[in-house]
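**Student:** What follows is the residue order along each chain.
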Amino acid sequence: MSLLRIEDLHVEVDGKPILVGIDLAVEAGEVHAVMGPNGSGKSTLANVLAGRPGYDVVRGSMTVDGEDVRTLSPEERSLHGLFLAFQYPIEIPGVSNMEFLKAAVDAHALGRGEEPPTAVDFVKRARVAATRLQFDPDFLKRGVNDGFSGGEKKRNEILQMLILEPRLAVLDETDSGLDIDALQVVADGINAFRANSNAVVLVTHYQRLLNYVVPDHVHVLADGRIVHSGDRGLALELEERGYGWLGG
Amino acid sequence: MPERTSELADLVGQEHAATGREYAAGFVTEIEADTLPPGLDESIVRAISTKKEEPPWMTEWRLDAYRRWLSMPPPRWAHVQFPDIDFQAISYFSAPKGDAPKSLDEVDPELLRTYEKLGIPLHERARLAGVEAADEEAPQVAVDAVFDSVSVATTFKERLAEAGVVFCSMSEAIREHPDLVRRYLGSVVPKPDNFYSALNSAVFSDGSFVYVPKGTRCPMELSTYFRINAENTGQFERTLIIADEGAYVSYLEGCTAPMRDDNQLHAAVVELVALEDAEIKYSTVQNWYPGDEQGNGGIYNFVTKRGACLGDRSKISWTQVETGSAITWKYPSVVLRGADSVGEFYSVALTRNFQQADTGTKMTHIGPRTKSTIVSKGISAGSSQNSYRGRVRMNPGARGARNHTQCDSLLIGDACGAHTFPYIESKLPSSVIEHEATTSKVSDEQLFLCQQRGIDPEKAVAMIVNGFCRDVFRTLPMEFAVEAAKLLEVSLEGAVG
Ligand SMILES: Nc1ncnc2c1ncn2[C@@H]1O[C@H](COP(=O)(O)OP(=O)(O)OP(=O)(O)O)[C@@H](O)[C@H]1O
Ligand SMILES: [Mg+2]
Numbered sequence: 001m002s003l004l005r006i007e008d009l010h011v012e013v014d015g016k017p018i019l020v021g022i023d024l025a026v027e028a029g030e031v032h033a034v035m036g037p038n039g040s041g042k043s044t045l046a047n048v049l050a051g052r053p054g055y056d057v058v059r060g061s062m063t064v065d066g067e068d069v070r071t072l073s074p075e076e077r078s079l080h081g082l083f084l085a086f087q088y089p090i091e092i093p094g095v096s097n098m099e100f101l102k103a104a105v106d107a108h109a110l111g112r113g114e115e116p117p118t119a120v121d122f123v124k125r126a127r128v129a130a131t132r133l134q135f136d137p138d139f140l141k142r143g144v145n146d147g148f149s150g151g152e153k154k155r156n157e158i159l160q161m162l163i164l165e166p167r168l169a170v171l172d173e174t175d176s177g178l179d180i181d182a183l184q185v186v187a188d189g190i191n192a193f194r195a196n197s198n199a200v201v202l203v204t205h206y207q208r209l210l211n212y213v214v215p216d217h218v219h220v221l222a223d224g225r226i227v228h229s230g231d232r233g234l235a236l237e238l239e240e241r242g243y244g245w246l247g248g
Numbered sequence: 001m002p003e004r005t006s007e008l009a010d011l012v013g014q015e016h017a018a019t020g021r022e023y024a025a026g027f028v029t030e031i032e033a034d035t036l037p038p039g040l041d042e043s044i045v046r047a048i049s050t051k052k053e054e055p056p057w058m059t060e061w062r063l064d065a066y067r068r069w070l071s072m073p074p075p076r077w078a079h080v081q082f083p084d085i086d087f088q089a090i091s092y093f094s095a096p097k098g099d100a101p102k103s104l105d106e107v108d109p110e111l112l113r114t115y116e117k118l119g120i121p122l123h124e125r126a127r128l129a130g131v132e133a134a135d136e137e138a139p140q141v142a143v144d145a146v147f148d149s150v151s152v153a154t155t156f157k158e159r160l161a162e163a164g165v166v167f168c169s170m171s172e173a174i175r176e177h178p179d180l181v182r183r184y185l186g187s188v189v190p191k192p193d194n195f196y197s198a199l200n201s202a203v204f205s206d207g208s209f210v211y212v213p214k215g216t217r218c219p220m221e222l223s224t225y226f227r228i229n230a231e232n233t234g235q236f237e238r239t240l241i242i243a244d245e246g247a248y249v250s251y252l253e254g255c256t257a258p259m260r261d262d263n264q265l266h267a268a269v270v271e272l273v274a275l276e277d278a279e280i281k282y283s284t285v286q287n288w289y290p291g292d293e294q295g296n297g298g299i300y301n302f303v304t305k306r307g308a309c310l311g312d313r314s315k316i317s318w319t320q321v322e323t324g325s326a327i328t329w330k331y332p333s334v335v336l337r338g339a340d341s342v343g344e345f346y347s348v349a350l351t352r353n354f355q356q357a358d359t360g361t362k363m364t365h366i367g368p369r370t371k372s373t374i375v376s377k378g379i380s381a382g383s384s385q386n387s388y389r390g391r392v393r394m395n396p397g398a399r400g401a402r403n404h405t406q407c408d409s410l411l412i413g414d415a416c417g418a419h420t421f422p423y424i425e426s427k428l429p430s431s432v433i434e435h436e437a438t439t440s441k442v443s444d445e446q447l448f449l450c451q452q453r454g455i456d457p458e459k460a461v462a463m464i465v466n467g468f469c470r471d472v473f474r475t476l477p478m479e480f481a482v483e484a485a486k487l488l489e490v491s492l493e494g495a496v497g
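From first to last, the protein sequence lines stand for chains A and B. Using our numbering, the first residue of the first sequence is number 1, and each one after it goes up by one. Using our numbering, the first residue of the second sequence is number 1, and each one after it goes up by one.
Among these hints, one or two may not hold up.
[As the list claims (entries may be wrong)] Calculated pairs, DSS-like style, for lysine-lysine (alpha carbon to alpha carbon, straight line, at most 25 Å):
id	chain 1	residue 1	chain 2	residue 2
1	B	157	B	51
2	B	441	A	153
3	B	441	B	371
4	B	486	A	141
5	A	141	A	153
6	A	153	A	124
7	B	427	B	371
8	B	157	B	214
9	B	51	A	141
These are computed hints drawn from the structure, not numbers from a lab. Note that the structure is predicted; figures quoted are calculated from it, not measured.
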């Protein structure tokens, strides 16, 4: 059974068709890169997987570990192991990163029928993850993404992923807007996360990230469908030739 | 024990959050009551005074207030709407039957159970609601419990007496400490200050009295717990707290009422007096029944609270967490008379469904270098209306006085309203007045982010609201801050969707 299986997925936003027949299977242990021109539907795919309101599935199915996620609320999908790193992470002033992470971790523990970690254990864990992503300790006390630079916001998404340890991580352009060092930090984070028990879908415009996080498969999305799939060589080719040669 | 980091403290606050539903305090206690018939005239005022075995001066004081009240119109300037109140339809006195208990052992077990159920155990070993006995060093809290019109129990009186602190019901104070009462009652909130203070002065039934003597730091938190039980009965309590020179006291009041379809009137007066170098910290967690989802029933909370910083370097600090009542009309204020005296007002007001709140403060600077701080956090959900109304006045003598006001509104949904009415009155070039205001909304994107991380929307809203209120919760005693956060969370249930 595939970890993620999407079949004939059609999605509309405000009655406008955006995805028009997506098929995708991701196995445990794999990393898939999804590339494609602006406006082709990459974020739509990520958002519809996560259950964002406003994205209507008009046809097709999507299952995670065999379970149809369409009927699950966004928080149930999260508890089911689905993680989305947002293309544009949003701010929650007044709620500290620490509180936010603890609330998320508690929800996940309760979802598994476990006791939430004690505050002390949790704080230790959060500090380790923060250090790994090269945040200074004060970061945990600051509001969620509040006043963060673009790059810091992206690193914060990876930190949340490392703490929540999802089954499937969909990372929507987490590499965009990162300086060279930050890109390395993010890539290290993703590689540390990679395991046989999980899978990663990387939405990206740049082949550079794929030098660090080597994908098993590369897909090109155009006009709401996957028009081409290949191995990591495809990403190199796209870098050289652009999308034009693939046709619509 | 691990070090107590501030993150840990924040997290602990989150961990205690409860998941009760609806208005948990909405039950009725079946107890025989001695209730005066509805209506108000001089004979009723006299009857209340007689029931309380008051001295003639007190009866006269009440009658004077009643006569003034007769010629006063109810205030209409607040941003709230409700039908005219029929003051002849209300009963002005209701008390559990029988003689007043002389000690805790004599209190009706049914009453003790009521307070137990509300989380306010009146036996003296217990601590206040929801506070886990994790830390044996945790401060104890003395409680005065007011049930409808009378005080039914005051705990820890002896221990307080050892320190010279007087903590008793107002009725007892009138009998036992007439000099203090005569001197200060009505000195901060004069009888004709406003319509409801005049009414309260005429018919007030009970409340708490505190006197902390010179140089004394009150050895424990004091608190009064107000409970409206009887139907068609107004509650008019009267609280007077006096901190003598160099004294310190921290006081907390809590309030609940049964769920009823009719509106009930609560018109309290609270007066605080701080002499030289004294400090009074007054915290309120107001959770009167707010009415149902359609806006039926609920308490009209029309309250006058004012403190006088009479002495130099004295300080009065109000913190309020207002989640209940159908209508709240309340402006805890400070008159800063002493040089270098300090007034503070920290407020969280949450309204949902059809609740209306018009609340804020008045800071009146009279003495030189007086300083005031106002932090107001209004949260509106549902179809509710939430107004901040504040007045900062710098009198000619207030050279070098300062005020800082921070006034923030948070909206949940599209049908609610937030309003800010700041009034600044100053002709003094040497005074500094700063006013900052913000309005924000809990956005769908924020909620989705939380959900994507596994946090359900109600929990997410509670977390965001809690963060929004942190500056105010910080000013509450630790155990009450936890309570307040919990109360907000329960009050917010069903506010999203
Ligand atoms: N709420 C919406 N209303 C109308 N159109 C929308 C909405 N959301 C997305 N779209 C449209 O759907 C299409 C796909 O958008 P999407 O964000 O998925 O693209 P993308 O592949 O992620 O692009 P980028 O590389 O720029 O991030 C775009 O044409 C976009 O304008
Ligand atoms: Mg996108």
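**Student:** State the violated hints by number, sorted upward, taking the hints as numbered earlier in the document.
**Tutor:** The structure breaks hints 3, 9; every other hint is satisfied.
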